[in-house]
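S.K.: Sequence:
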Amino acid sequence: MNFELIKEMKGEDIVTYTKSQRIKWLGHVMRASKERAITIITGWTPTVNRRRGRPNLRWLVDVEEDLKKLGIKKWKDKCKNRKEWANIAQEARTSSKLNE
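When you read off a place in the sequence shown, starting at 1, and then add 5, the result is the number in my numbering.
FYI, nobody ran anything at the bench for these hints, they're computed from the structure.
Be aware that one or more of the hints could be misleading.
Below, a list of computed lysine-lysine pairs in the DSBU-like style, where the Cα atoms sit at most 35 Å apart [unchecked claim]:
no., residue 1, residue 2
1, 102, 83
2, 15, 73
3, 85, 102
4, 73, 39
5, 39, 81
6, 102, 39
7, 102, 15
8, 102, 88
9, 102, 73
10, 81, 29
11, 102, 79
Ranges of calculated distance between the beta carbons of each label pair, as one might list FRET restraints [what the hints assert, rightly or not]:
no., residue 1, residue 2, range
12, 57, 88, 42 to 52 Å
13, 91, 18, 36 to 46 Å
14, 19, 65, 16 to 26 Å
15, 89, 38, 25 to 35 Å
16, 57, 101, 30 to 40 Å
17, 102, 81, 13 to 23 Å
Glycine residues also receive a C-beta, built at the ideal position from the N, C-alpha and C atoms.
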């Protein structure tokens, strides 16, 4: 077992931590200017179809589902306010709803 990882996580659930970090990153991406690479890549939609049987999920879809589990509505407006978004990310980190 990786004791350094357990020590760093301080008993926190790795899934909840990862999802809360994605929510935190989403706020960073959405506040970035439209010319930055992170904004362009996040908004990019593939022009080719996936092979049969492959899901059409994107990173943003997963994060939106996590926000729905937390009951966050109008997240695009809320992420523009840095302090409000930091509170949402902290709530996600302490919430057990993300594991449902």
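S.K.: Hint by hint, note whether the structure agrees.
M.R.: Results for each hint:
1. Our distance criterion of 35 Å between C-alpha atoms is met by residue 102 and residue 83, whose separation comes to about 20 Å.
2. Note on residue 15 and residue 73: the hinted pairing holds, with a Cα-Cα distance of about 27 Å set against a maximum of 35 Å.
3. Our distance criterion of 35 Å between C-alpha atoms is met by residue 85 and residue 102, whose separation comes to about 24 Å.
4. The straight-line distance between the Cα atoms of residue 73 and residue 39 is roughly 25 Å, inside the 35 Å bound, and the hint therefore holds.
5. Between residue 39 and residue 81 the CA atoms are separated by roughly 14 Å; this keeps the pair inside 35 Å, and the hint holds.
6. Taking the CA atoms of residue 102 and residue 39, the gap is near 32 Å; set against the 35 Å cutoff, the hint holds.
7. Under the criterion of a C-alpha separation no larger than 35 Å, the hint pairing residue 102 with residue 15 is consistent with the structure, at around 19 Å.
8. Our distance criterion of 35 Å between C-alpha atoms is met by residue 102 and residue 88, whose separation comes to about 22 Å.
9. Between residue 102 and residue 73 the alpha-carbon distance is near 10 Å, which keeps this suggested pair within the 35 Å criterion.
10. Using a Cα cut-off of 35 Å, the hinted pair residue 81 and residue 29 holds, with the two alpha carbons roughly 13 Å apart.
11. Between residue 102 and residue 79 the alpha-carbon distance is near 19 Å, which keeps this suggested pair within the 35 Å criterion.
12. Between residue 57 and residue 88 the C-beta distance comes to about 46 Å, which sits within the given range of 42 to 52 Å.
13. A C-beta distance of roughly 20 Å is found between residue 91 and residue 18, which places it outside the suggested range of 36 to 46 Å.
14. As the Cβ distance of residue 19 to residue 65 is approximately 22 Å, the hint placing it in 16 to 26 Å holds.
15. Between residue 89 and residue 38, the C-beta spacing of about 20 Å breaks the proposed range 25 to 35 Å.
16. For the pair residue 57 and residue 101, the supplied restraint of 30 to 40 Å holds, since their beta-carbon distance comes to about 37 Å.
17. About 20 Å separates the C-beta atoms of residue 102 and residue 81, a value consistent with the hinted range of 13 to 23 Å.
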